[in-house]
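Asker: So you can see what is in the structure, the chains are spelled out below.
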Amino acid sequence: MAKSAKAMRDIHVSAIADAVKKLCMDANWSLEPDMLRAFDRALGRERSDAGKQVLTILKQNAEMARTRQIPYCQDTGMVIAFVDLGQDVHVTGGALYDAINDGVRQGYTEGYLRASIVRSPFDRVNTGDNTPAVIHVDIVPGAMLKIMVMAKGGGCENRSKYTMLTPAGGLPAVKDFIIECVKTAGPDACPPLILGVGIGGTFEKAAVNSKKALFRELGSPNPDPMLDALEHELLDRANRLGIGPQGYGGDTTSFGIHILTYPCHITSLPVAVTIECHAHRHKEVTL
Amino acid sequence: MSVSAGADGIKDVRTPLSDADVQSLRAGDRVRISGVIYTARDAAHGRLAPLVERGEALPIDVTGQIIYYTGPSPARPGGVIGSVGPTTASRMDKFTPALLALGLKGTIGKGYRGQAVKDALRHHTGVYFGSIGGAGAVLSQFVTKAEVVAYDDLGTEAIRRLDVDRFPAIVLYDCHGGDLYQEGQKIYARENA
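Chains C and L, in that order, are what the protein sequence lines are. The first sequence stops at residue 287 when you use our numbering, and every number in between is there. The second sequence stops at residue 193 when you use our numbering, and every number in between is there.
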């Protein structure tokens, strides 16, 4: 061993599994404060009576889910995990991916959460414990392990879209595509919706960024002022469509649109939009 | 009649439903459903479809009944059912006209449906109700009993017989061509969206 080797920090897989288990249960039972604030903001400006009624019931639903530890939505989702793995962390006792799936298994079984995953897209046999998760790992400087978990509903995921635009189409084409996604999602995806948008990169980079964008706190500004203005413009347009809560008609079609960009090829303008419902269940922890 | 108007303007609906019951419902009506309803979603419909095609008996008699498109989360020990909100109905569009032809009177779900379902609702006198998507915890309170009656191996996707008491819903599509989505959204749609 070289004398200059920096000490690694050991993190045992059992600590990772425990953390993921807790995140899965908490995410499904307790909406984050950013979501609860979004309901209140919307109630303050929604004109539709049906829309206000839906928003009020959803607030009650959140309270009941939290106090009774019953899932906010029966679709407790597919677990999407984004992991920032410090390069000075040494995972011990097993494999990182297995530890995350163990946590999902324990959380969904012990938390009375629904098993919604089939082992194959063709034979459609349920795995019975909601595994496996979709796991994205980024290696980052440092000795911390950050785990961000989302319980991603299927109804809204089914309305997510991708397109490859042209550089000539540019910003106007990007805007139109995003608004078109809100229209086609409509009531099927359980509005008020949240949109995660990945622009730039490649086919898969844009898609992953569209998921990652959803982890930003709802209502917080985009750190890039140009993107922040774009998000506000698009949110205003989305909320003028009239779709409203549950699609019954109203002013609150979307709670927020979050954009992440990445450099791209001179030929390309990829845009991926992940559609997220109001059951936006996300939690994170740093070990 | 199994439909009566409550003093609060909400219509009480008791299953099973007759053609006259369905005809009295209009898009936008708020309702409270009581009695028995059946759950079935993608996988259960996939098993019912070949039986319907071959004219064989179904594990449930759908005559006058309502199918709720949902896959509940598991009940806690001692509980009746877990979270039980609607799933996207259009995935069942392929199967719905044939079930309406057999006498099914209603479905509960969320989201738009295709023209073939709208036509079948008119032709066979059926109704499409909406319950609030993502309000599964609140909706669980209106289920008093739940029992698997077919396809237990499908887990959450099994067919369940639910006893419901004043289960809240809204008429999305009626049998007269009424469509709450179209009517509601055009009121709030603004120029230059």
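One thing to keep in mind: the hints can contain errors.
Within a straight-line C-alpha distance of at most 25 Å, the following computed BS3-like cross-link-like pairs (lysine-lysine) qualify [what the hints assert, rightly or not]:
# : chain 1 : residue 1 : chain 2 : residue 2
1 : L       : Lys11     : C       : Lys52
2 : C       : Lys175    : L       : Lys186
3 : C       : Lys183    : C       : Lys161
Restraint-style ranges between C-beta atoms, simulated for each label pair [unchecked claim]:
# : chain 1 : residue 1 : chain 2 : residue 2 : range
4 : C       : Pro33     : L       : Ile10     : 26 to 34 Å
5 : C       : Pro33     : L       : Val52     : 24 to 32 Å
6 : C       : His136    : L       : Gly114    : 29 to 37 Å
Hints are computed from structural coordinates only; laboratory data are not their basis. By construction, the Cβ of each residue, glycine as well, lies at the ideal position given by its N, Cα and C atoms.
Asker: Against each hint, give a clear statement of whether it holds in the structure.
Answerer: For each hint, the structure was consulted:
{"no.": "1", "hint": "L:Lys11 - C:Lys52", "result": "20 Å, holds"}
{"no.": "2", "hint": "C:Lys175 - L:Lys186", "result": "22 Å, holds"}
{"no.": "3", "hint": "C:Lys183 - C:Lys161", "result": "12 Å, holds"}
{"no.": "4", "hint": "C:Pro33 - L:Ile10: 26 to 34 Å", "result": "33 Å, holds"}
{"no.": "5", "hint": "C:Pro33 - L:Val52: 24 to 32 Å", "result": "48 Å, violated"}
{"no.": "6", "hint": "C:His136 - L:Gly114: 29 to 37 Å", "result": "35 Å, holds"}
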